[in-house]
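Those protein sequences? They're chains H and F, same order as listed. Just so we're aligned: the first sequence equals residues 1 to 369 in the working numbering. Just so we're aligned: the second sequence equals residues 1 to 127 in the working numbering.
It is worth saying that the hints were derived from the structure and are not from the lab. Keep in mind it's a predicted model, so treat the numbers as computed, not measured. The C-beta atom is built at its ideal place from N, Cα and C for all residues, glycine as well. Do not take every clue at face value.
Stated by the list, open to error - In silico lysine-lysine, DSSO-like type, Cα no more than 30 Å apart, as pairs:
no., chain 1, residue 1, chain 2, residue 2
1, F, Lys104, F, Lys50
2, F, Lys125, H, Lys12
3, F, Lys50, H, Lys11
To be verified - Computed footprint of chain F on chain H, listed as stretches where at least three residues anywhere in the stretch have a Cβ under 8 Å from a Cβ of chain F:
no., segment
4, 28 to 41
5, 317 to 325
As the list claims (entries may be wrong) - Some, not all, of what chain H presents toward chain F, calculated at C-beta under 10 Å:
no., residue
6, Ala24
7, Arg25
8, Val136
9, Asn139
10, Gly229
11, Ala230
12, Asp232
13, Arg235
14, Thr294
15, Thr297
16, Ala298
17, Asn328
18, Ile349
19, Arg350
The chain contents come next:
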Amino acid sequence: MADRKTVPSLKKTPLTAAHQALGARLVEFGGWLMPVQYTGILQEHRAVREAAGVFDISHMGEFIISGPSAEAWLNAMLCNDIRAISPGHGQYTLLTNEAGGVLDDWYIYRLEDQTYLAVVNATETGKDFNWLQKKVASNVTLKNVSEEYAALALQGPQSEAILYKTFDKEIRRIRRNQIMTTLYQGQPVWVARTGYTGEDGYELFFPAELAEGLWQRLLTVGAVPAGLGARDTLRLEACYPLYGHELSETISPLEAGLGHFVSFDKPERFTGKDSLRRQKDAGLPRRLVAFEMTGLTAPPRARYAVLVDGQRVGEVTSGGVSPTLKKNLGLALIDHSQAKVGGRIDIEIRDQRRPALIVPKPFYHNIRK
Amino acid sequence: MNSHIPDNLKYVASHEWLSTQNGIATVGITDHAQAELSDVVYVELPPLGKTLAAKAPAAVVESVKAASDIYAPVSGEVVAVNPALAADPALVNRSPYEQGWMFKLKIADPGELAALLDAAAYRAKLG
Numbered sequence: 001m002a003d004r005k006t007v008p009s010l011k012k013t014p015l016t017a018a019h020q021a022l023g024a025r026l027v028e029f030g031g032w033l034m035p036v037q038y039t040g041i042l043q044e045h046r047a048v049r050e051a052a053g054v055f056d057i058s059h060m061g062e063f064i065i066s067g068p069s070a071e072a073w074l075n076a077m078l079c080n081d082i083r084a085i086s087p088g089h090g091q092y093t094l095l096t097n098e099a100g101g102v103l104d105d106w107y108i109y110r111l112e113d114q115t116y117l118a119v120v121n122a123t124e125t126g127k128d129f130n131w132l133q134k135k136v137a138s139n140v141t142l143k144n145v146s147e148e149y150a151a152l153a154l155q156g157p158q159s160e161a162i163l164y165k166t167f168d169k170e171i172r173r174i175r176r177n178q179i180m181t182t183l184y185q186g187q188p189v190w191v192a193r194t195g196y197t198g199e200d201g202y203e204l205f206f207p208a209e210l211a212e213g214l215w216q217r218l219l220t221v222g223a224v225p226a227g228l229g230a231r232d233t234l235r236l237e238a239c240y241p242l243y244g245h246e247l248s249e250t251i252s253p254l255e256a257g258l259g260h261f262v263s264f265d266k267p268e269r270f271t272g273k274d275s276l277r278r279q280k281d282a283g284l285p286r287r288l289v290a291f292e293m294t295g296l297t298a299p300p301r302a303r304y305a306v307l308v309d310g311q312r313v314g315e316v317t318s319g320g321v322s323p324t325l326k327k328n329l330g331l332a333l334i335d336h337s338q339a340k341v342g343g344r345i346d347i348e349i350r351d352q353r354r355p356a357l358i359v360p361k362p363f364y365h366n367i368r369k
Numbered sequence: 001m002n003s004h005i006p007d008n009l010k011y012v013a014s015h016e017w018l019s020t021q022n023g024i025a026t027v028g029i030t031d032h033a034q035a036e037l038s039d040v041v042y043v044e045l046p047p048l049g050k051t052l053a054a055k056a057p058a059a060v061v062e063s064v065k066a067a068s069d070i071y072a073p074v075s076g077e078v079v080a081v082n083p084a085l086a087a088d089p090a091l092v093n094r095s096p097y098e099q100g101w102m103f104k105l106k107i108a109d110p111g112e113l114a115a116l117l118d119a120a121a122y123r124a125k126l127g
């Protein structure tokens, strides 16, 4: 077995010391020093499915976009139609390039009529900001507030009860995909009912100085600390894409099965619209599928080849063992002609072809709307 | 992390252990290695009869996160693999030195044993 590399000068979140105090295993993730696990990925995964887990997601980036032209400008930058959300609501959206490739996937909230909060991937924060800054329109202010804000994800069937023990009663009004501001020790906290686990849950965004206190409070009232390892197994079961795996500058949102988040009807010609339109009209070359291994095999992993009748038809984008379903499963980007539920494919695991079955997405989902 | 390192075994820096009896080496991974991997979900063992060179990849341990190669500490022919790991791969976590053993080699060159670490040297390497 190879030793883990230690990488110097990684960025730390306001909670790094708290993770170390809990005995977390810290690893490099996109330039950040992040907890991959505390007690074990399987245990933390189960805690989120059965009770509630809390994740430090302070590495994620936050932008504030505001101004009279913010709505029209965002609609020209992003695939989804921002007009579909009123203040207090959020939506999933994609930042695309001219070729229709994905620069990043975001959650964006309309805080007020002309003010938006975008939550962006840690690894892409700098790239996104530079890209947008060059294109920013008059009457639009774009601010990168990632350094000033910390963030936690409280996820699992008991997260609602835990939230009620932590914040004011008004928080009870919040529904799926909504966001509201509440106070914690006199300071504003944005609470959104969103997540990346396939369970009910919340994401909290707040000034970095609140991080330690809020983290401890959530643990005290019953949330289990959970690391990036469980975050990845949970999102894979729920079939949420991970940037760099299911999405990239060479994978379009349509290929990734995210056409629902691409608005061809909105008036603005968003970046990449023409390319995506052409791709849609011509037929997609590839599709993202979910699959399960059918025999007792090693878990499939990202970049393993997918074959049909011995011919390579694509590759695995994410894979592993599902702790909830006790199956080996994954997502794969394969030739469109083979991308049918019920189709049989082979995954090449260390030069051996292992059979798998294409199944409907997601593998697991437990969110009431 | 304080890992268990039995005095009666030999070790390699890549975190495998080895015990010998009548020219047969039994190989597994150390307590330190299993803790680092955590949650072992699958172990791919070498085929019986395969001849392995020292330091050659011999098995693959899959944790929830990743696949890790396990190396042959010495050269030899695979004469047994642990049948219990197919149904219960987490034996590697629960009992790394006993029930979680991985494979047995018929030692090709007993001279190679001299290059292995004893418990004290392996402990020192872990720091």
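- Message: Tell me the numbers of any earlier hints that the structure contravenes, in ascending order.
- Response: 3, 6, 8, 9, 13 and 14
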